[in-house]
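**Q** Given the structure of chain R, go ahead and fit chain L onto it with the hints provided.
Number of protein chains: 2
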Amino acid sequence: MRVRGAPLIGVTAAYGIYLALRDDSKNLDSAVNALANTRPTAVNLRWVLQRTQEYLHGLDFNALPGKALEIAQLMEKEDIAVCEAIGEHGLGILQEYWREIGETKKRLNILTHCNAGALATVDWGTALSVIYKAHEAGIPLHVWVDETRPRNQGASLTCWELTQQQIPNTLIVDNAGGHLMQTGKVDVCIVGSDRTTLGGDVCNKIGTYLKALAAHHNNIPFYAALPVSTIDFSIVDGMESIPIEERDGKEVSHISGVTAEGNIESVQIAPNNTAVSNYGFDVTPAKFVTGIITEKGVFEANEASLRKLL
Amino acid sequence: MRVRGAPLIGVTAAYGIYLALRDDSKNLDSAVNALANTRPTAVNLRWVLQRTQEYLHGLDFNALPGKALEIAQLMEKEDIAVCEAIGEHGLGILQEYWREIGETKKRLNILTHCNAGALATVDWGTALSVIYKAHEAGIPLHVWVDETRPRNQGASLTCWELTQQQIPNTLIVDNAGGHLMQTGKVDVCIVGSDRTTLGGDVCNKIGTYLKALAAHHNNIPFYAALPVSTIDFSIVDGMESIPIEERDGKEVSHISGVTAEGNIESVQIAPNNTAVSNYGFDVTPAKFVTGIITEKGVFEANEASLRKLL
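Those sequence lines, one after another, are chains R and L.
Letter 307 of the first sequence, counting from 1, is numbered 307 in the working numbering, and no numbers are missing.
Letter 107 of the second sequence, counting from 1, is numbered 1107 in the working numbering, and no numbers are missing.
Derived by calculation from the structure, the hints in this document are not laboratory data.
Note that this is a predicted model, so its numbers are computed, not measured.
Please note: incorrect hints may appear among the correct ones.
Unchecked claim - Not close to chain L: a few residues of chain R, all C-beta gaps over 12 Å, as computed:
id	residue
1	D60
2	I71
3	A85
4	N272
5	V298
Claimed, not checked - Here are the in silico distance ranges between beta carbons for each label pair:
id	chain 1	residue 1	chain 2	residue 2	range
6	L	S1305	R	T163	45 to 51 Å
7	R	H57	L	N1218	42 to 48 Å
8	R	R99	L	E1300	41 to 47 Å
9	R	P140	L	E1096	49 to 55 Å
10	L	A1036	R	N218	28 to 34 Å
11	R	E96	L	N1033	15 to 21 Å
12	L	N1218	R	N273	26 to 32 Å
13	L	K1296	R	S241	44 to 50 Å
Claimed, not checked - Under the rule of at most 30 Å between Cα atoms (straight-line distance), these lysine-lysine pairs were calculated in the DSSO-like manner:
id	chain 1	residue 1	chain 2	residue 2
14	R	K250	R	K287
15	R	K106	L	K1250
16	L	K1106	R	K250
17	L	K1250	R	K105
18	R	K26	R	K106
19	R	K106	R	K185
Virtual Cβ for every residue (Gly too), placed ideally from N, Cα, C.
With the rest of the complex left out, here is chain R (with noise of 0.2 Å):
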């Protein structure tokens, strides 16, 4: 849990690889398989390895940590060129949502839930590329940023990085997203994805299904923006084939914060003994979802128009 975010935890598997092989040119299987298991529901995670150990195959074992850096490099380069493109095709979206009510509007209202930019990713981000694009582009936006339990990675991530590109962004709890869509005070829903199937279910941070059907009951367009990398081909149906991460009850028991004194502390929120529970995903059925905005384009949330990308 040091790295976090589809993209930059592929990234960071191949330049593993690297350091592995650097240390002793036979460590590939022991490395593949070590970094293979930190992660289940990640799918590009698998994609980076797999593609590492291809590139790496039948080559002399001396080679192996200087064609290992090689490629973690060109994935590296590769991902920030992705990204850009993925927030180019979400700028599209944008435009044409801020053409139809930018004039009785003052900015455009996105929610977006967890943190799906720069920090996820080697630059730019997913979700947040789209934001940042449509923000160099004039598009006056605010953005309403879930704080994202248990590691509150919106809070403490996304509007960092936001308000660092000085976009208006507002913090609210998790809980808060369907009053809002309720009320008109949300215009679209951007979240990133770890995983999304061949028919165009999404599984991402727990919580984006609750903000999915928000949407949907609201007529409010729900995106999830993502690398084709993160599209597992081989499974259709989300709820069936992806298995769901359970983590540490203490990222729920416990949270980190600053003390008035500025210091790093942990504070416990609930009795001593409580049981905790603590899926890391959850998987959004494609009928809730508008679109899927990728570096290749925008599809539909389904297999047919996902296989156009096979």
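**A** Only chain L this time, still in chain R's reference frame:
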């Protein structure tokens, strides 16, 4: 915000009138106004104040403090009886579900949001009264407890209450309920309410609406348990007519808990100067509410049914 829970707010206000009159018998109007303005969303606060005023109407100044104490004590006793009756009516519903699933399941899984327990009333609670009565009746229960950001009443109060009664319970983040419902881990949802309209719209702690949507999509019954005094018979449409309190943003950006050394400490979880929005409640439209459990019986969430209470 020292007192919370619609029923407890009401009874506390009645004692507040008594204390104000004990200080000075001329304080009635100013005390009523001051108390009415403390919480715009709660409706039974207004009902208690009106009932107290009617009870004291036309009395000698000398008699006011004694009579105010009398009505406060009466309402305190009534609240206990009302909450216990809510539990008994709700028990009937849970017994029916348990008859349906008890042969194939080990326990009845209930999800609740916030704290609608003894700590929100004089005793028993509303939603938790149903759970306490079902536990007493021998139904094997397990309760999923939403932590209920921003104030974490689920984590700090509901888990504590249930554990005191030896009812198995598991703390979850507010984001998790959708996933649990999608995967068959919730059999019924029961929440409290701060104000319910004649049309059956249920205003309750922020985030309730999102759980009702998830219950609706997963065919899980969703009940609100509440005293008749929290029904606002003067309004039908909750979205239009119920003012939603906005609270201090610090409730979101700062969290209080216990440090490893056992001290209560507040920590900041968002960057300095992060903008925060903090709505306290939301409205769940009647169409997502399976039934309204009151001390007078269980009603459908619509005007035709609730009108019988008039």
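**Q** Run every hint past the structure and note whether it holds.
**A** Now for the hints, and whether the structure bears them out:
For R:D60, the condition that its CB be more than 12 Å from all CB atoms of chain L holds, with the nearest at approximately 48 Å. Listed as a non-interface residue, R:I71 keeps its Cβ farther than 12 Å from every Cβ of chain L; the least gap is roughly 35 Å. The Cβ of R:A85 lies farther than 12 Å from every Cβ of chain L, with a closest approach of about 29 Å, so its non-interface assignment holds. With a minimum CB-CB distance of about 9 Å to chain L, R:N272 fails to clear the 12 Å threshold, and the non-interface call is violated.
The Cβ of R:V298 sits about 25 Å from the closest Cβ of chain L, beyond the 12 Å cut-off, so the non-interface label holds. With their beta carbons about 49 Å apart, L:S1305 and R:T163 fall inside the hinted range of 45 to 51 Å. The hinted range of 42 to 48 Å is satisfied by R:H57 and L:N1218, whose Cβ atoms lie roughly 46 Å apart. In this structure the hint that R:R99 and L:E1300 lie 41 to 47 Å apart at CB holds, the actual value being about 44 Å.
Evaluation of the 49 to 55 Å hint for R:P140 and L:E1096 yields a pass: the beta carbon distance comes to about 53 Å. Between L:A1036 and R:N218 the beta carbons are some 32 Å apart, a value that agrees with the proposed interval 28 to 34 Å. Distance hint check: the CB atoms of R:E96 and L:N1033 are about 51 Å apart, inconsistent with the given range 15 to 21 Å. The hinted range of 26 to 32 Å is satisfied by L:N1218 and R:N273, whose Cβ atoms lie roughly 30 Å apart.
Separated by about 48 Å at the C-beta atoms, L:K1296 and R:S241 satisfy the suggested range of 44 to 50 Å. Taking the CA atoms of R:K250 and R:K287, the gap is near 34 Å; set against the 30 Å cutoff, the hint is violated. Straight-line distance between C-alpha atoms of R:K106 and L:K1250 comes to about 27 Å, which keeps the hinted pair within the 30 Å bound. Between L:K1106 and R:K250 the alpha-carbon distance is near 27 Å, which keeps this suggested pair within the 30 Å criterion.
Taking the CA atoms of L:K1250 and R:K105, the gap is about 29 Å. The hint holds against a cut of 30 Å. The hinted pair formed by R:K26 and R:K106 fails the criterion: a straight-line CA distance of about 60 Å is larger than 30 Å. Our distance criterion of 30 Å between C-alpha atoms is met by R:K106 and R:K185, whose separation comes to about 12 Å.
Against the hints set out earlier in the document, violations occur for numbers 4, 11, 14, 18.
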